[in-house]
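Q: Residues per chain, in single letters:
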Amino acid sequence: MSHRLASGGRLDRTRRLRFTFDGRSYVGHAGDTLASALMANGVRLVGRSFKYHRPRGILTAGPDEPSALVELRAGARREANMPMPVVELFDGLEAQSQNRWPSLAFDILSVNSLLSRFLPAGFYYKTFMWPAAFWEKVYEPLIRRSAGLGWAAKEADPDHYETRHAHCDVLVAGSGAAGLAAARIAAEAGARVILCEQDFELGGGLLLDPALEDWRAATVAALARQSEVTLLPRTTVFGYYDSNVLGAVERVADHLAEPPEHQPRQRYWTIRAREVVLATGAHERLIAFPGNDRPGVVLAGAALSYLRRFAVAPGKRAVVFTNNDEAYDTALALREAGVEIAAIADVRPAAVRADEARRAGIDVRSGSVVTGVGGGRDVERVTVARRNGADGESLAADLLCVSGGHSPAIELASQSRTPLDWSDAIAGFVPGQPVQRQRSAGAARGIFGVAEAASDGATAGRAAVAALGLGKTEAIALPPAVARAGTPSEPFWEVKASGKAFVDLQHDVTTEDIRLAHREGYAHIEHAKRYTTHAMATDQGKTGGLVGAAVLAEARGESIAAVGMPTYRPYASPVSFGVIAGHAVGKNFAPVRRTALHAWHVRHGARFMEAGMWMRPAYYPQPGEEKDAWLSVLREARAVRRAVGICDVSTLGKIDVQGKDAGVFLDRLYTNTFSTLPIGRARYGLMLREDGIVFDDGTTSRLADDHFFMTTTTANAARVLEHMEYHAQTVWPELDVQFCAVTDHWASMSAAGPKARLALAKAVQGLDLANAAFPFMAVGDAQVAGCPVRVFRISFSGELAYEVATPAGFAEPVWEAIMAAGAEHGITPYGVEALGLLRIEKGHVAGAELGGHTTARDLGLERMLKKNGDYVGRVLAGRPGLVAPERPRLVGLRPVDPKARLRAGSHLVAAVGDGQSLGWVTSAMPSVELDCWIGLGMLSGGEAWHDKRLFAAFPLYDEYVEVAVTHPHHVDHENARVRA
Amino acid sequence: MPVSAPEPRSPLVQALKPGRHGAVGARQVTLRAYRRSLVQLQARKGRAADLATAVRQGLGLALPPPGRAETSPTLAAIWIQPSAWLLCAPYLAEGDLARSVRAAVGSAGAVVDQTHGKSVLRLSGPTARAVLETGCRIDLHPRAFAPGQAAATPVGHIDCILRQLDNAPSYELIVASTLAEAFVDWLLHAAAAYGCEVLPPD
Amino acid sequence: MHRIDCPWCGVRDEIEFAYRGDATVKRPEAGAGVDAFYAYVYERGNPRGWHIEWWHHAAGCRQWIKVLRHTLTHEIRATAKAGDTVTAPKP
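From first to last, the protein sequence lines are chains Y, C and E.
All residue numbers for the first sequence refer to my numbering, where the first residue is 1 and numbers rise by one.
All residue numbers for the second sequence refer to my numbering, where the first residue is 1001 and numbers rise by one.
All residue numbers for the third sequence refer to my numbering, where the first residue is 2001 and numbers rise by one.
Think of the hints as simulated: they come from the structure by calculation, not from any bench.
Any given hint could be a false lead.
[As the list claims (entries may be wrong)] Here are the simulated lysine-lysine pairs, DSBU-like style, with alpha carbons at most 35 Å apart:
id: 1; chain 1: E; residue 1: 2090; chain 2: Y; residue 2: 660
id: 2; chain 1: C; residue 1: 1045; chain 2: E; residue 2: 2081
id: 3; chain 1: C; residue 1: 1045; chain 2: E; residue 2: 2026
id: 4; chain 1: E; residue 1: 2081; chain 2: Y; residue 2: 866
id: 5; chain 1: C; residue 1: 1045; chain 2: Y; residue 2: 866
id: 6; chain 1: Y; residue 1: 867; chain 2: C; residue 2: 1017
id: 7; chain 1: Y; residue 1: 866; chain 2: E; residue 2: 2026
id: 8; chain 1: Y; residue 1: 660; chain 2: C; residue 2: 1045
id: 9; chain 1: E; residue 1: 2090; chain 2: Y; residue 2: 867
id: 10; chain 1: Y; residue 1: 627; chain 2: Y; residue 2: 154
id: 11; chain 1: Y; residue 1: 587; chain 2: C; residue 2: 1017
[Stated by the list, open to error] If you want the footprint, here are the derived chain C segments under chain E, 3+ residues with CB under 8 Å:
id: 12; segment: 1080-1087
id: 13; segment: 1152-1166
[Stated by the list, open to error] Facing chain C, from chain Y, some residues (calculated, C-beta under 10 Å):
id: 14; residue: 599
id: 15; residue: 785
id: 16; residue: 813
Where is the CB? At the ideal position from N, CA and C, for every residue including glycine.
Throw the hints in and build the complete structure from the sequences for me.
A: Below you can see the structure in the form of structure tokens.
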């Protein structure tokens, strides 16, 4: 049975669009929404409610829809909770109803409705409290099955989403009469304008009146001609943030089955606006009465929209229930479209429009209300009675149009911190004095009527132009005002009669639930909202939010103004996770930082590990090692101890420091002294935070009297630079020091092992590497394969080692030349895992020991603290708590049983089962030198425990490993190798 | 005998293959890598005026104020920090620019070679601004940003030095070399909707 | 999200900056003793109202700048270079 009118509407009737709903095929037209197309096909039952599984239909014609939510599309593109009235119809659209099982018509869980007296507000909080373990295993799955909305797709989203950063002089949100006028004024003044409209057609309420089409079309065309105007239909402004930054989502391809190639599905706009005009219109309010959620109950303005814009008759015989004049337009339009008007129930005792309607032959019952709705799953009968309950009459009707008045759409204004003022004239909240550079216009501030809104929009546009200082504005044509006698609306919220009267259709919140919340002490609007779930979720209570507040106000015996509304926060309308993530998904979640040798590592089969943004080779598996990474790691580390290895250490932070005061500056940053460092020498440095805790370490070399080259750990490179900038700019601005990061300019590689000199000497030209000529901590310039290099004789592994740095573009030829020179000595590339193993053997501290909780003394580095002179952290490092003898100190650890494994994170205890932790294992690895696991740890008492035994406890696995406590230097305690 | 240095390798050679990417259409952009010598120049304490004079006399260029770039036929200077500039010239030989700048500025400035630390790209074409707006948070509208203007600002996730060259519009983007491949990966994705022609490196 | 007017670069998004905190504390002289350094590192007024604070333009000019921000409303009233003086309005 078609409800499509023979003519009219903004449809392209030549374009037939096939779609399915719950597997059944239907046909609609271009210009339809899913809601209008289903309505045209006579489908009224479209969903089941959240808690009680009550049958639900289409209440609205816009994004305020609480009930008609569907899952759209299938497979990886399935999307839940899409309001039917904003789903633009496309050929091949698939939609499924939600929250019903096994089918929409026969929903087993609608038995919840019969149990509803046991499911009041706060039910979940009260019932599912105990035992706690039951929550996760029993209650939550049960609740999720019985109460809920749609299901998200489990597959990865195949579409991509774009981010767009925009700037404009004037952002206009909403393209009704007010928005179009404001945009036009601003555009004519030469402003850069962005006009956002959530609908796929610009015009808002203008789309409902053919008489206004000329003005709408001319205004839109004039805007489109302006090169500085960006018109964004299908774009919802969802958030208003500080500094006049607004967020919007453009649904670029939601109206297509799939996005065209290379086009995003949606676009996330971050708009920085100098001035904003909020022309977001108003939300029509429901009235709470028993059965106000039944399919066939439609808001009066929405019914007008279905008639005029979509050429659909939402029923055959209607009752109209109103507290205002606007609903009479709906009644007349319905009648004109051939829908019989059974009656108009007007809560007001008298109204001019009521008299007019009576003269036109309509049965208007003034001072009357709807007290109930009868029928199976949808509206079949409507009971109309006097406000005191008298003279009730059950009228046959399949459509009940309701209007409780209009609430300005104040979500965005409120998010911008604009206070909300109560208006008695419209019985609603309107935006007060703006805080940001913003103003509301038209229905968004309670100025109703097309001509009035357009005029108000033009005023707002002129105010924005004036605030921008753009000079004079042109006059523009506005729709003519229509003088018409009217009667003020009467605030009216609830019909108190027997049965469930809903204030929130999406979450099944009734007037009784609100009163229960009040009785139980949740009388503040924010508490009542959370206790009852009123005005939450996808529709944010746009149709019933104020009604709930009014019910609460009555319960509290106060005015609605005193009760207020819950705080409005982004998102004003739902936004998909996909568009928030944008391009930053999967491998693009964060940028990958690659060293200049990355391609070499890839070609040689390296397994990579992440270190911050860096990808570093963890190890290089060789044939036969694929199944056991330890084989690779141990082989690589063994090569360093016995022959020579080479490691890419380009990720270390490098900072070039220059200036007359560079030495003084470094003396103040490090605990030790650099101003005395000879040119051509490097020195290990330790840096503290001002609170006395170790911050970072690294070697710094002196290249000239006023020129140093600093290195930092990979992890702290950015923080150290920021620390230096803070001190140079704010603490000691008088110092002559210039520095900048050169991490990326230099690639560096460490050649380490007893054969390192033999290998390097063959590759390096222009530098004598003999021990006497180039001793430990020497620095010198040279060439390798014709490329400039700087050689540092420094060691992290504890072996004879050289760090070779070269401008990054030469990294590969230099690395290859050293590889070739070292081939006869078995030179072996080694990764971060072997590097870690080697430094643990050597007892060098790294991230696990420099975790922001250790002092220099804790790490056995107290000799690094100079006695004289100021440096960051000096004073607070001397606090009693930081020098207390019982503080954990760095020790070495070895299992007594050479086959036992040591686990980082284990606690050190005196006996099996002992609950008293004396310290913990910070790092552990199998040793290549000692043929057992070794570790480093922080142990209270430190060296007092040397050569004694403890247990490394890991209670999670019930592990207790007996360990011997040693000096942290597991190998070469005398430090002879590095000087060999 | 010392052998001469090979041509330095740019990380963009691997990442930026010449050819068409994304949509095919009339509104596409071109993207090209440029081999440049780069030097960071910073005034010694209290020597900013001396430095400006030295650069003007020795290099024939006025050091630009904040937010701007100055160019001569062979050299560009981009303001990056108070009393600090990035100088940019075609790559001739290793260390060439740093040597000549050092000679020109003497004790008035600190000179740091950044040739290998940063990678230079140019994006050009009628939709270049739209492409950048998918990741660039500053206003690139002609009323706000024009040839000769420059900014240090992130584009996508990656910090950039951005300057406008002409009204094509063409933009130069200078990024850390270790992030150049990631940046190009992002940029080609951003440009896919309009189409992008990657030209062989300059 | 804030938009912060960097005295060097102009108005930029908050994402380009890193926050540090109170910009009115001064690092004591080397010999000032533990209490003075303790106050410098730890003691903060945590005002409800105007707050002069350090922000680092990390993704821009790398300068530490002073920002006068209202901790209740988030309004940013003024920004200044590190060496400049910023005065908070009377509460």
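Q: With reference to the structure, classify each hint as holding or not holding.
A: Now the hints, each set against the structure:
no.: 1; hint: 2090(E) with 660(Y); result: 42 Å, violated
no.: 2; hint: 1045(C) with 2081(E); result: 17 Å, holds
no.: 3; hint: 1045(C) with 2026(E); result: 22 Å, holds
no.: 4; hint: 2081(E) with 866(Y); result: 34 Å, holds
no.: 5; hint: 1045(C) with 866(Y); result: 28 Å, holds
no.: 6; hint: 867(Y) with 1017(C); result: 58 Å, violated
no.: 7; hint: 866(Y) with 2026(E); result: 23 Å, holds
no.: 8; hint: 660(Y) with 1045(C); result: 9 Å, holds
no.: 9; hint: 2090(E) with 867(Y); result: 45 Å, violated
no.: 10; hint: 627(Y) with 154(Y); result: 32 Å, holds
no.: 11; hint: 587(Y) with 1017(C); result: 20 Å, holds
no.: 12; hint: 1080-1087; result: holds (count 3)
no.: 13; hint: 1152-1166; result: holds (count 4)
no.: 14; hint: 599; result: 6 Å, holds
no.: 15; hint: 785; result: 7 Å, holds
no.: 16; hint: 813; result: 5 Å, holds
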